[in-house]
Amino acid sequence: MRSLLDIILTPDFAFSAIRVTTPLLFAALGALISDRAGAANIGLEGIMLMAALAGVVFSAYTQSALIGLLGAILIGLLTASMLAYFTLKLKTDVILGGIALNFFANGGTIFVLYYLTGDKGTSASLASMVLPNIHIPVIRNIPILGEIVSGHNVLTYIAILSAIGVWYVLEKTALGLRIRSVGENENAAKSVGVNVMKIRYIALALSGVFAGMGGAFLSMGYVSWFSRGMSAGRGWIALAAEAMGRGTVLGTTLSSVLFGVADALSNTLQLLNIPAELIRILPYVATVVGLLAYAIRETNKRKAKG
Amino acid sequence: MSNNVLELRNIMKVYSNGVVANKNVSFELKEGEIHAVVGENGAGKSTLMKILFGMERPSSGEIIFKGSKVEIENSNKAIDMGIGMVHQHFMLVPSFTVVQNMILGIEPKKGINIDYNKATQMIKELGDKYNLRVDPEMKVKDLSVGMKQKVEILKALLRGAKILILDEPTAVLTPQETEELFVQLMKLKDNGHTIIFISHKLKEVKSICDKVTIIRKGVTYGTYNVADVTQSQISNLMVGRNVVLKYDKSKSEAGKAVLNVKGVSCKGAEGKELLKDIQFTANKGKILGIAGVEGNGQRELINVITGGRRNYDGEVLFNDKNIRSMNVKALRKSGMSYIPEDRMTQGVAASAAISENLAANRYESQEIKSGILMDVKKLSKLANKLVEDYDIVCKSIAQKVESLSGGNIQKVVVARECSIEPDILIAEQPTRGVDVGAAEIIHKEILKLRDRGAAVLLVSADLSEAMELSDALLVMYEGEFVAYIDNPSETTEEELGLYMLGVKKQSREEIRRAVNEF
Amino acid sequence: MNFENRFELIRTFAAVTISLILGFAIILLVSDEPLSSIYYFVIGPVLKTRYIGNVIELAIPLIFSGLATVILFQTSLFNLGAEGVFYFSGLMAAIVGIGLSLPAPLHAIVAIAAGGLFGMLLMFMIGYFKAKWNASELVISLMFNSIFYGIGLYILNYFFRDPDIAGFASFKMQKTVLLANIIPKTRIHSGLIIALVTVLLAYLFLYRTKWGYEIRMTGINGDFARYSGMNTTKAIIIASIAAGIISGIGGAVEVIGMYDRFRWAALPGLGFDGALIAMLAKNKPGSTIYAALFLAYIRIGADLMARMTNIPSEMVFIMQAVIILLISGGKFLEKYRQKALLREVKKNA
Ligand SMILES: Nc1ncnc2c1ncn2[C@@H]1O[C@H](COP(=O)(O)OP(=O)(O)O)[C@@H](O)[C@H]1O
Ligand SMILES: [Mg+2]
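The listed protein sequences derive, respectively, from chains W, L and U.
For the first sequence, the positions run 1 to 306 when our numbering is used.
For the second sequence, the positions run 1 to 518 when our numbering is used.
For the third sequence, the positions run 1 to 349 when our numbering is used.
Quick caveat, the hints were computed from the structure, so don't treat them as lab data.
Note that the Cβ used here is the ideal one computed from N, Cα and C, for glycine as well.
Any given hint might turn out to be false.
[As the list claims (entries may be wrong)] Partial chain U-side listing against chain W, Cβ under 8 Å, derived: (1) Leu28; (2) Val42; (3) Ile43; (4) Leu100; (5) Ala104; (6) Phe129; (7) Leu142.
[As the list claims (entries may be wrong)] Result set (SDA-like, lysine to any residue): computed pairs, CA atoms no more than 25 Å apart in a straight line: (8) L:Lys333 to L:Arg310; (9) L:Lys400 to U:Lys175; (10) L:Lys267 to W:Arg246; (11) L:Lys77 to L:Gly67; (12) L:Lys249 to L:Asp462; (13) L:Lys448 to L:Gly335; (14) L:Lys385 to L:Lys395; (15) U:Lys339 to L:Ile63; (16) W:Lys120 to U:Ala340; (17) U:Lys175 to U:Thr232; (18) U:Lys282 to U:Thr232; (19) L:Lys381 to U:Lys284; (20) L:Lys395 to U:Lys284; (21) L:Lys201 to L:Gly295; (22) W:Lys89 to L:Gly32; (23) L:Lys385 to U:Lys210; (24) L:Lys206 to L:Lys395; (25) L:Lys109 to W:Ala205; (26) L:Lys109 to W:Leu170; (27) L:Lys256 to L:Ile63; (28) L:Lys400 to U:Asp223; (29) L:Lys23 to U:Glu344; (30) L:Lys400 to L:Gly32; (31) L:Lys400 to L:Ile420; (32) U:Lys132 to W:Ser16; (33) L:Lys110 to W:Glu171.
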């Protein structure tokens, strides 16, 4: 047990927790903004996956990491728009729509990958680019703190800024007021001429942008290639994080960090002598436990009330 | 040229579930008038107003605004045309403050932020002008109903409404609040606003409206000067016949007491007393009515009796058994039938077939089973019989309930609940929003059930129903009984009204007559 | 047939047609030899008895996962746990096949029972969490898929993996556990009979028993179910258990019917397909047979096409997604419906 603590209580572990929280946070922010507008985005998992591939493909063909990132965001935006079209316009059930989108992403990414590389597993043969790491001046030199917070991928910092940005938009701006009104009482919003569809569309599009950045991080930061199914349930875990955070930015961020720690732990423990198959399920177990704890608490609260 | 600001011609509206809410509506609105639209529940008034406010699109027909034909695609368009609406069910965001609710959609900005100072200022000024004052910083969920309505009116005015639609604004108000509202409406009229006032309280129409348009089952039956028609003329047009119900009621003897409610009290989430020491007995062969303005504790009382609420003081005995020890299933199985107030949320499984809905209180009995399996033949035989007996208009028993009209959906519920020969039938607003024909069938079935010896507990906000059907009538006000009337059809509506509004109250002893002592 | 049913049928056909057109469009876009691609995709599966056999073999597990999902969807449960159950129960059946020595029919029965039992346990948990605490069955079931895939992989790697053979596989199962082939020249096995019997049982369960009635009413309107005295918590749990048993049996049947060793290195995807089958079948148990055959047909068609041309078979997933989106799109063809409805109303007026 000593060795476990030794591993966890290091700047390295904290650094790695922040790193693996990044895609979760992006996806959770996507879940948050769409949920606040009352248009739950169940397709995050698939959107991330497609964006991850897009990042690799765009950057490989242009040899520009920036264009890769923009490509990932674009694909995230487009896929989320497609989902919005079906759920808002054709009234496809949000859950079934999300499930369908994930099917689409699973098959579609392999289809495209195979078409481009002749490989159904990874994009190893594509010379794709990675997004740069940022070393923060001054802070980088502070012992421990510098080691933990400096030197992350640029998207990690963008994720943190995004969380603040989402909070600001929701609380301070007209768009945020409309998003919240549409989510809480759609008819009230409609009755004052707020275009409910448009607001939901915007919220879903934004969630697509966030998921797109999350996907880009996976294939252009976390690792430098695309592999099939690489979103590995993060889109679902993000939904759990958002629920546990009760739709607040702070709560959602904190639960994302919690799941990030579980994820980092599973990465770190692989160094120990425990079967890898079992360690890899840790983030999923943590999600189930977290979700259950949340659900039980909510149920008890409801019971106490009524 | 006429001075009609707004004209509707031959409007028809079919909802996507096939309900024809407006069949043929024509209607003219003159500038500066207060124009009443009256009609029974379900006549299609709200639908019509939603069409005017761009929330629903008509299936056919024309809307003429200031002389030219218009399409009101959405509420924005309506707002641009100067139409504002206060909905029957308030359209407010509970967690928002008054300011946030008011400025939603027209937020004043400073940079990218909302300029709340300016917003508050705007609201203060408007409130001063029309004498409608509310605290802008309060959360809407903490406001009283009357306050919420003020917020709604201000919301419309803030958006420059010249034509103001009020959908049953007084249904939720106290008499004082209603008075206050009327003063404000007159003031708006003096300021040049045009008002459409929906109601089915004819006294109110008489007291403040200039014109009245009558709508019945989705069809308009003319517009009259209020001064030229009497209340009973209007009500005749509204229902298409004399409102006073008359049924041939045989005498029936009070049988065994099946339901004993002893000193039931309960509190709401905020500690408000919802029920106060409720006591009564329901006997076989008798209809016991409970009248009262909605929201005076009837809902909670029924909830307790039907096993929905466990958190109460006192006790309820059903067939001498304390219902605390019984769950809903046990209650139903030991002979309690229940027609719930809200048929769509509780009374039916809308997307299931008529036959399956009819099976809900007997799916475990051999009546529709053979061995352990449900017997399709038995079920369809039973369903066909009920459809015939209760005059349910449908194409077949396999039809989904949601594709039936409101009245026929209610008949499905009534058929199911009455046909198991219960010891007691709890009927909660059994004919609300139901057409007159269906209401009559339902009333007759309830009477038949009583004649077959069941006890009936009838909760109704409809006075003529409560008076005509009940053998004895209790009046509820603010969670307690304020009167026990043993000859309901002999009393007057005015008398009952005084009890319902809490103006009069009987002595404790008089009310205690509702309890049979043993 | 009444108006609503007719309209639903039209919608389903329209959705399938659009997805097929999309499939052709993809082929035309990316294929060097579009005509032969389309030929193999559309006609391929009926070219040889063996291919027809492939379609039916593939339909067998799809019927199971479709039925399980039908029961869950009828209860309004969006639980995709059939995927993990398929994997885990399949493994459990394989272990019974490897480790126990029993006479022929009994061995298979025990293996299938083991699969059903584990399926039941897994789904029971998900259903219990939902019924008791309203925990999102969608997220939990997806997490369960990953968790039980991981546990299964561990069990396999550490205890049952055959080191002597190339590739990923367990030890050989004993002959006594394998399901008999019932049609020569194909690999169609007696699991087909089990599947068809299960369809019948699932129909009887849903439409003829009181549990089925409670489940369906709970799914349509929980308030109505509670008002009628039903225990909706129990209904959700029973439905989950039934779905778990069926998908568990499905996983077991697939493994002992098609293979002689356990060979799934990844989740097989068959459980997920249940969602599409259930939707195509409009949540009717009997129709899962046709829906499963349809999906199996386009899968095999796509496989043949992939083998003969350069189009990856994953194209089918894209088509699958489009079908789901369109069928569940309540407003898909709404204009047409509105017009027809107005006609109907005016006709009756
Ligand atoms: N959104 C809707 N969808 C389907 N039917 C509706 C809808 N709203 C109202 N109805 C039905 O239309 C009829 C008229 O309702 P409504 O316009 O609310 O009447 P009123 O306001 O006069 O009481 C009723 O039968 C009602 O059940
Ligand atoms: Mg109304």
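A quick look at each hint next to the structure:
| no. | hint | in the structure |
| --- | --- | --- |
| 1 | Leu28 | 14 Å, violated |
| 2 | Val42 | 19 Å, violated |
| 3 | Ile43 | 22 Å, violated |
| 4 | Leu100 | 24 Å, violated |
| 5 | Ala104 | 33 Å, violated |
| 6 | Phe129 | 6 Å, holds |
| 7 | Leu142 | 5 Å, holds |
| 8 | L:Lys333 to L:Arg310 | 19 Å, holds |
| 9 | L:Lys400 to U:Lys175 | 52 Å, violated |
| 10 | L:Lys267 to W:Arg246 | 29 Å, violated |
| 11 | L:Lys77 to L:Gly67 | 17 Å, holds |
| 12 | L:Lys249 to L:Asp462 | 19 Å, holds |
| 13 | L:Lys448 to L:Gly335 | 17 Å, holds |
| 14 | L:Lys385 to L:Lys395 | 14 Å, holds |
| 15 | U:Lys339 to L:Ile63 | 21 Å, holds |
| 16 | W:Lys120 to U:Ala340 | 47 Å, violated |
| 17 | U:Lys175 to U:Thr232 | 44 Å, violated |
| 18 | U:Lys282 to U:Thr232 | 23 Å, holds |
| 19 | L:Lys381 to U:Lys284 | 23 Å, holds |
| 20 | L:Lys395 to U:Lys284 | 23 Å, holds |
| 21 | L:Lys201 to L:Gly295 | 18 Å, holds |
| 22 | W:Lys89 to L:Gly32 | 40 Å, violated |
| 23 | L:Lys385 to U:Lys210 | 22 Å, holds |
| 24 | L:Lys206 to L:Lys395 | 43 Å, violated |
| 25 | L:Lys109 to W:Ala205 | 24 Å, holds |
| 26 | L:Lys109 to W:Leu170 | 15 Å, holds |
| 27 | L:Lys256 to L:Ile63 | 60 Å, violated |
| 28 | L:Lys400 to U:Asp223 | 18 Å, holds |
| 29 | L:Lys23 to U:Glu344 | 14 Å, holds |
| 30 | L:Lys400 to L:Gly32 | 46 Å, violated |
| 31 | L:Lys400 to L:Ile420 | 22 Å, holds |
| 32 | U:Lys132 to W:Ser16 | 36 Å, violated |
| 33 | L:Lys110 to W:Glu171 | 14 Å, holds |
Going down the numbered hints, you'll see the structure goes against 1, 2, 3, 4, 5, 9, 10, 16, 17, 22, 24, 27, 30, 32, while the others check out.
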